[in-house]
Every structure is written in structure tokens, then in C-alpha cells.
Amino acid sequence: MPSNVQAQVEKKLYLNRYRVDAGRPHIKIKDANVCATRCTAQQCVVCCPAGCWSRESGRVSLITDGCLECGTCRIICDEFHNVDWDYPRGGFGILYKFG
Amino acid sequence: MSEKFDVIVVGAGPAGNAAAYTLAKAGINVLQIERGEYPGSKNVQGAILYADALERLIPDFRDSAPLERHIIEQRMWVLDEDSYIGGHYRSAEFARPPHNRYTIIRARFDKWFSDQVQKAGALLLCETTVKALLRDVQGKVIGVEVDREDGRIYADAVILADGANSLVATRAGLRQDIRAETAALAVKEVIFLPKETVDARFNLSGQEGAVIEMLGSISQGMVGTGFLYTNKDSISIGIGCMLSDLKRQHLAPVELLERMKAHPAIAPLIAGGEPREYAAHLIPEGGYDALPQLYGEGWMLVGDSAGFVNAVHREGSNLAMTSGQMAAETLIELLREKRPATAANLARYRARLDASFVMKDLKKYRRLPETLDRQRQFINDYPALLNQAAHTMLRVDGMDKRHKEKEIFNAFRERRSLLGLLGDAYHLWRATR
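Chains as they are written, first to last, in this note's numbering: chain A, 3 to 101; chain B, 55 to 487.
Hints listed in this document are in silico derivations from the structure and should not be mistaken for laboratory results.
You may find that some hints are simply not true.
Pairs of lysine-lysine, DSBU-like flavour, derived with a Cα cap of 30 angstroms [stated by the list, open to error]:
| hint | chain 1 | residue 1 | chain 2 | residue 2 |
| --- | --- | --- | --- | --- |
| 1 | B | Lys165 | A | Lys99 |
| 2 | B | Lys414 | B | Lys79 |
| 3 | A | Lys99 | B | Lys392 |
| 4 | A | Lys99 | A | Lys13 |
| 5 | B | Lys58 | B | Lys165 |
| 6 | B | Lys194 | B | Lys58 |
| 7 | B | Lys165 | B | Lys79 |
| 8 | B | Lys173 | B | Lys286 |
| 9 | A | Lys13 | B | Lys286 |
| 10 | B | Lys173 | B | Lys58 |
| 11 | B | Lys392 | B | Lys79 |
| 12 | B | Lys286 | B | Lys165 |
| 13 | B | Lys79 | B | Lys185 |
| 14 | B | Lys173 | B | Lys392 |
| 15 | B | Lys173 | B | Lys185 |
| 16 | B | Lys286 | B | Lys249 |
| 17 | B | Lys194 | B | Lys79 |
| 18 | B | Lys194 | B | Lys392 |
| 19 | A | Lys13 | B | Lys249 |
| 20 | B | Lys165 | B | Lys249 |
| 21 | A | Lys30 | A | Lys13 |
| 22 | B | Lys165 | B | Lys185 |
| 23 | B | Lys185 | A | Lys32 |
| 24 | B | Lys79 | B | Lys58 |
| 25 | B | Lys194 | A | Lys99 |
| 26 | B | Lys58 | B | Lys392 |
| 27 | B | Lys185 | B | Lys58 |
| 28 | B | Lys165 | A | Lys13 |
| 29 | B | Lys185 | A | Lys30 |
| 30 | A | Lys30 | A | Lys99 |
| 31 | B | Lys185 | A | Lys99 |
| 32 | A | Lys99 | B | Lys249 |
| 33 | A | Lys99 | B | Lys286 |
Predicted model, so just to flag it, every value in this text is computed and none were measured.
So here's chain A without its partners, still in its complex pose (with noise of 0.2 angstroms):
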């Protein structure tokens, strides 16, 4: 993602209220070289609304911290199933203020 794009949706997430499960992220990758090594797309780093994806050196990261729990990750690795993705644990995560 440019970074004038990470930019926005930084600004943008900054605007809302999570409760953080430290430690404890709620969606992984399965096995990361398949990331970098398999998927040429990495839509990942594109779709997700929330910019919690990202490229670096070829190799795929995540941070959820910012997870809107929308889904999107899981639903367009649909070539490698590469995303193990859970909702976080009761009360965690994202707090819609307005929804």
C-alpha cells in the first residue's frame, strides 16, 4: 500500500475505539512463506480496509491492532487459505461508537 494510502487509513482508525487483546492477535498467517514465496497477488495488502497488511522485502506482515473485524482477508486468500482467522476474544477489538 503507498504510503500516502497508509496515511488515510491511519488517520482514519485514529478516529475510533478498540480495546486491544495485547499479545493475543486474532487473525495469523498460516505459514508466511507461502506469502512470499507463492502468492505473486498478496491482495491482502491491498483489500484490507484497515491497512493492517503490509510488504516488506516481498515478505507479508500483519498487525490487527487496528482490525475492523470485517472479514475481507480471509474471504480473498481464497487461492492459498494462507489467513487463520478468528474473532478476537469476548470484548476485545473493535468498539463501534456509531456502527
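Based on these hints, arrange chain B on the given structure of chain A.
Same frame as chain A, but now just chain B:
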């Protein structure tokens, strides 16, 4: 927590609340489980509330529900880069009570709805995520496992109202996961403005509201639609596109939203506003042909987890409430007859749905998702052609009107050909008849 209930409802959105409310009102011992801190904290919608579905549950809801504005004007815009063409329907009839549609803010509304459910006698357990379904040796669903210590809770039947992703049903193998081809991602912002400013910009007064539904260049060639809804002192603005298109397009959802907000027809409506929240949510838009099995041994799917969305008319929460109510009524009937919640008996839920607007509307538009996916001209060509036609006809530049008509017709024929135009008319008729 090794307890037994008559019914467990998973989720406290419109479908889950409608189900739990109906059950509790009938004196049934119902437990509702919600993963959010409070009902609504995980829920996202435009949002428009259609009064009819809620009125059937709570006839006097208007006395206490947190409603933003009643809608007196609906605008439909087809946009090109610089312009829009469209229709507006505004009626004084819509301003007279009882009002037919309202804008709402879901976090507030869901909290209120949940209060009514609890007052009716249901037990609500928040901050609790259902991890799995419990089954007996025959495979009948007999309860749920939650993320709390000793988290097995039993019931005679489980209603799954756990939303678009419906992880619980998917993991239990009751349904396939949603696919990129049948799901839309919607991103949305709530932008605050003084009430007087909203009133002035949309020609409203009191509690009157206006909504705009949009399609065309804002979706950047993808199958998708945008919306702008007036709340009391804020505007909800968002855009949704099919995930399969978004995958191909290399466009970040946030950029899609920002480009839409910058459209010359939209920017002045939200100018000076203060964004206070950014949200994203999946919408199951596969329609009738993407519906999963809706019930089985001891379980039923309702609302988004069943895929009950009428994408054409932007309806979902009303289908959710009606399906939740029907699932509950089915169980109430079976409990009174002292029959178990077997798949054979729960077939009555499907029969109720089939006889209602829920299935009738989904059936009517069953071909539309496929038509829009394959016939890209409806997204890529017609919005521009319609806008150009208006531009040509309305611009006074010395050219006579017969020439202008010819120019417009030629533009259509060049882009679509004569046979193409006929074919398009047929496709559209077939997809919506």
C-alpha cells in the same frame, strides 16, 4: 456454566434480537450471546431502518427507539466523473406519521433493541465469543462452547445470528464460507455537521431526512454502490464493492471512499464536517442462489449469516428481523406441540420464509448478481452514456435538437451496438423480473 436453556441465540444484531425478543415474549427460556462489549459494538450498517419489520415485533417502537430522521426524500444518482443524472422522490406523505423509514445509528439502536429483549425476559451474555457448537452422538446441535472457563452451555435449539462471516456455522460445517464472488466489502464514515447545516443542504426541517443511493464512476468499474444518509447531526457516507472485483482492481478501499467523497456532486454535501468513525463490514450479496442450507438438527440460520440481503433494494436488516422472528415462531410452535427441533420439524421455518417477502424478493432478483458480474457494460458504459446524453441535450450550443438526438443515439450504438442494446435490455429485464 453448565446450564440448560430452551434456546440459545448467537449474536445481538437485528436478526438475533428479533429472535430472542419473540422467544422471550412467549415465555421461553432464552440465552443470547454477544461477543461485543455491548450489543452494537461490532455491528455496522448504512443505516436505514424499515419500520414495518420492527413494527411487527414492537408496535410502539417509535416511542422509545433512538431514531435519527424519518426519510422524506430518496435520491438515486448515476454518476460520471464530473456529473450525475438521476431521480429524486420526495413526498409530504412520507412526512406524515407513522413514518415508513428512518435513518439510525446502529450502535445506539442495537443497544435499545437489546434492552427491549432483556425487558422481555431473555438473558444476555456479552463479551463472550461462541467458539463451537456442541453436538450429541447423532450430530444434533445441543448447545454452544464459549470462550469462558467451563464454557459449555446447552439448549434444545440454537439460532445462529452471528452475522456475515458466520464463523460458528462455517466451522461446524453447516455452511460453506462466503466467497469473494458473493460478498461485498463496504467502508463507511460518520461525518458530523451541525443539524442546521444538514437541514439546509438537503432542504429538510425538524426530523425529516434524505438519502442518496449511488452507482457509476464512484465504483471505479467494480460492481458496487455508494450511499449518503442524513442523520440528526451527522452524515453516514459509504461505498461497497464486490470482493472479487476489489481483488482485481488494486485499489485500497479507503481510496475508493476518499475518491467518492471528492466527487464534485458529493464534496459540497459533506464539506466542513468532522469524521468521527471509520467502519468496514462485509455484506453477503450472493442472493438466492448463494443461500446455504437454512436449518438442520437443532439449528437455524437467520439474518446475514443466512445471506438474507436484497442488494438491489439495499434491504438487509428488515430481512434479518423477519427471519429472526420466523425462526423464533417456528420454535415456539414446536415447543407448544411438544415436538423436538429436528430438521424435519424445522422445515417449517423454511416454509414460513418461502411464503414471505424474504424469499419472494430474493427469488425475483436471483439472476442479478451474475448479470452484473458478467455484463460489465451496466457498470462501465451506461453511467457515462446516460450522463453524456443529458449533457448533450441540455447544453445549448447552436446545434439543433435532432442532431443532438442523433449524436446521443450514435454514442450508445458505438459503445454497445444495436444488438448489444437489445441484449442489454433483455438481460436487465430477465435479471429483475
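Evaluated hints:
no. : hint                  : verdict
1   : B:Lys165 <-> A:Lys99  : holds, 11 angstroms
2   : B:Lys414 <-> B:Lys79  : holds, 28 angstroms
3   : A:Lys99 <-> B:Lys392  : violated, 43 angstroms
4   : A:Lys99 <-> A:Lys13   : holds, 17 angstroms
5   : B:Lys58 <-> B:Lys165  : holds, 26 angstroms
6   : B:Lys194 <-> B:Lys58  : holds, 15 angstroms
7   : B:Lys165 <-> B:Lys79  : holds, 18 angstroms
8   : B:Lys173 <-> B:Lys286 : holds, 27 angstroms
9   : A:Lys13 <-> B:Lys286  : holds, 25 angstroms
10  : B:Lys173 <-> B:Lys58  : holds, 21 angstroms
11  : B:Lys392 <-> B:Lys79  : holds, 18 angstroms
12  : B:Lys286 <-> B:Lys165 : holds, 18 angstroms
13  : B:Lys79 <-> B:Lys185  : holds, 28 angstroms
14  : B:Lys173 <-> B:Lys392 : holds, 26 angstroms
15  : B:Lys173 <-> B:Lys185 : holds, 27 angstroms
16  : B:Lys286 <-> B:Lys249 : holds, 6 angstroms
17  : B:Lys194 <-> B:Lys79  : holds, 26 angstroms
18  : B:Lys194 <-> B:Lys392 : holds, 17 angstroms
19  : A:Lys13 <-> B:Lys249  : holds, 25 angstroms
20  : B:Lys165 <-> B:Lys249 : holds, 23 angstroms
21  : A:Lys30 <-> A:Lys13   : holds, 24 angstroms
22  : B:Lys165 <-> B:Lys185 : holds, 23 angstroms
23  : B:Lys185 <-> A:Lys32  : holds, 19 angstroms
24  : B:Lys79 <-> B:Lys58   : holds, 19 angstroms
25  : B:Lys194 <-> A:Lys99  : violated, 38 angstroms
26  : B:Lys58 <-> B:Lys392  : holds, 17 angstroms
27  : B:Lys185 <-> B:Lys58  : holds, 18 angstroms
28  : B:Lys165 <-> A:Lys13  : holds, 28 angstroms
29  : B:Lys185 <-> A:Lys30  : holds, 17 angstroms
30  : A:Lys30 <-> A:Lys99   : holds, 27 angstroms
31  : B:Lys185 <-> A:Lys99  : holds, 25 angstroms
32  : A:Lys99 <-> B:Lys249  : holds, 19 angstroms
33  : A:Lys99 <-> B:Lys286  : holds, 15 angstroms
Hint compliance for this structure: hints 3 and 25 are not met, and every other hint is.
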